Amino acid sequence: MSVLVANCPSCGAPIEFKSGQSIVVICQYCHSAVARTDRELKDLGKVAELVETGSPLDVGLRGTFKDVPFELTGRAQLGHEMGGQWDEWYATFSNGWLGWLAEAQGRFYITFQYPIPEGTYVPTFEQLQLGQEVYGLPWPTKLMVAETGRATALGAKGEIPYLLTPGETYDYADLSGANGAFGTIDYNQTPPLIFLGQQVTLADLGITTTRTPEKEERRVDAAQLGCPNCGGPLELRAPDKTERVTCPNCNSLLDVNQGKLQFLKALEKPWFQPVIPLGTTGEVPEGKMTVIGAMARSVTIEGTQYFWSEYLLYQPQIGFRWLVNSDDHWNYVRAIPPGDVYEETKTAVYDNKSFRIFQDAQARVEIVLGEFYWKVETGEQVRGVDYVKPPLMLSKEVSTVYVSDPNAKKKKRTTGEINWSLGTYMPVQEIEKRFSVTGLPRPSNVAPNQPYKHWWIYKYWLAFIVLLGLAGVLAFVFAGSTSQAYSQTVNFAPLPNEDGTQVFFSEPFELKGRRNIRVVGQSPVQNTWVYLEGDLINDETGVVQSFPIDISYYQGVEDGESWSEGGQSDSAYTSSLPAGKYVLRLEGQWEKWSQPAVVSVQVEQNVTRGFNFLIALIVLSIGPVLMIIYHIGFERRRWSESMFGGGDDSDDDDDD
Amino acid sequence: MLKALYTIFAVGVVSLYSVAALLGWEIGGGSRRQLPPDARQNGYRSFHFWHYGLHGGK
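So the sequences go chain by chain: A and B.
The numbering of the first sequence is this note's numbering, which starts it at 1 and goes up by one.
The numbering of the second sequence is this note's numbering, which starts it at 1 and goes up by one.
Here chain A stands alone, though its shape is the one from the complex (with noise of 0.2 Å):
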């Protein structure tokens, strides 16, 4: 087909078709939807104004992908089937290839068209389950699908490169795969069609003005409304993304179209009060956001319902995140692809990392306060699964919902969504800092994803045994080789009686100082014992050092069997000693008194020894051991509170 000026055959007005790729002009003056034909023209009906979404792109807008230039030549705008809508446009590049752009909660993907490979089956929309992977489509990574739900053509601009039809409705699924890859599979015709590519920023489209002056204009950062049920006035903070909102003077919810609000129903007064209120700005790592809605949800384990609270969080550069409160513990929030996601029985592997299953229960929506960007409903229910992996939390919410289709031979039918999100713990008294709230209640037992905060001793405990370590290899290398200063037999008489002693007095002999000392007495005894009181005495300066030598030598055979207790040698160890002459004073008793002893006894200096190095070893662990008993005990505390039982998460690689 060839670039085409006529007149639209509703109004007459002109049209063009500018791509040859085109198949639908939208007429810009009665916003009939003109299809060319090999023929003649034809108006499908006329298409209803597009909503403003807030979107930083328009039709003409230029970029380039993959280093090819483009053109943003037409747009088509989505509805959900459970409300909202979500833009589509359409990239004529100046190689011939054709590109969707898909614009939804602020995320941007590209797809191309891809047949369908010979041999390969794609699953009827009825087949679909959400999570299950799409075999056989030409993409490096696996495919699984995401979102199933049905698509109406609600409006149009610019040139389109199909034929739609205003109001038409298809089944679609969105595929989402690993590194932002992302694909649809249209159920408009059979078979269907498939599209793949990825998620992309404006930036990857090299678009840098990303807003007309007249969108600019147009875009409001907040609303003033007035309450359809009480009159009351009424504040949406983002008016271009917000589909429902509660009123704060009387609790009716909202749904919000195009900045018009309806009455939906009247809530009861809610128990729950934000402890941010809503409109609080604060400072979170991506930048400033405010809160613009709070909900309290609750799963029921065991019959018994817990609660917790999630406040929504809203910056049009940022888009939505969230931050979760629960049991006085804080988590921020962001969405991230299903794809990135490997999910197995009781783990998920989200950017290299092993999450372990902590929960898995079916959540339900208590209250609602303030503005949502889906059509939230108290009562709402979705089967959420959390895995830990301190300090983070990956969660995983599995929406399935019965869509009444009177016109399908299925009269009911499931639609639904899997939707990823990534939480990192938030100490509560950072919450207060930055969104400038005091008084927080503090939590009192271990959250799921609650890093234990003293990772550090390990490293400090290894760090300083290896300082240890260190110090024993130099203080042994420069010490020198064990010498000996003394060695004597003494051979003692006879005691007088049992209580007697003897005594010995060596003749004066050389003690170096800064030196340790180590007197070895060896004796032959054979079940029997020789006890020393020793001295070493300064002649000079009067210092006297005492010590014990114990020699016990016992062995004998017991039912067949040998054994011996003790040994023929005993040691003392002293601290060095001042350099001197010294004495070498030694006081023998012996179990056989009459008996002459023979005492072999050697002074030795200089002699490596482990002992104060074990002691100092034993100094630095009490802290680390205390510390052990700790984080085992925090562990439980953690995973007390898990339906997928204890043991201790030892792989966390958080720290303070």
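Errors might be hidden in some of the hints.
What the hints assert, rightly or not - The list that follows gives simulated cross-link-like pairs (lysine-lysine, DSSO-like), each with its CA atoms no further than 30 Å apart:
#1 A:Lys-288 x A:Lys-346
#2 A:Lys-288 x A:Lys-260
#3 B:Lys-3 x A:Lys-459
#4 A:Lys-459 x A:Lys-353
#5 A:Lys-66 x B:Lys-3
#6 B:Lys-3 x A:Lys-433
#7 B:Lys-3 x A:Lys-453
Worth flagging that the hints you see were computed from the coordinates, not collected in a lab.
Predicted, not measured: the structure shown is a model, and the values here were computed from it.
Given the structure of chain A, go ahead and fit chain B onto it with the hints provided.
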């Protein structure tokens, strides 16, 4: 706070061990005393001195 305390404590332990190794100090061992000046002058080798003097009698 805890980090600083443990660091100070551990540095103290390693330093004490190093000093002990350098100066030949041993943990435990027997008692160390001083001979009285009169004992050094009059002779400390007597039975009486060791049993009723320095050791206080046994």
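For this session: Output the numbers, in ascending order, of every earlier hint that fails for this structure.
Result: Hint check: 1 and 5 fail, others pass.
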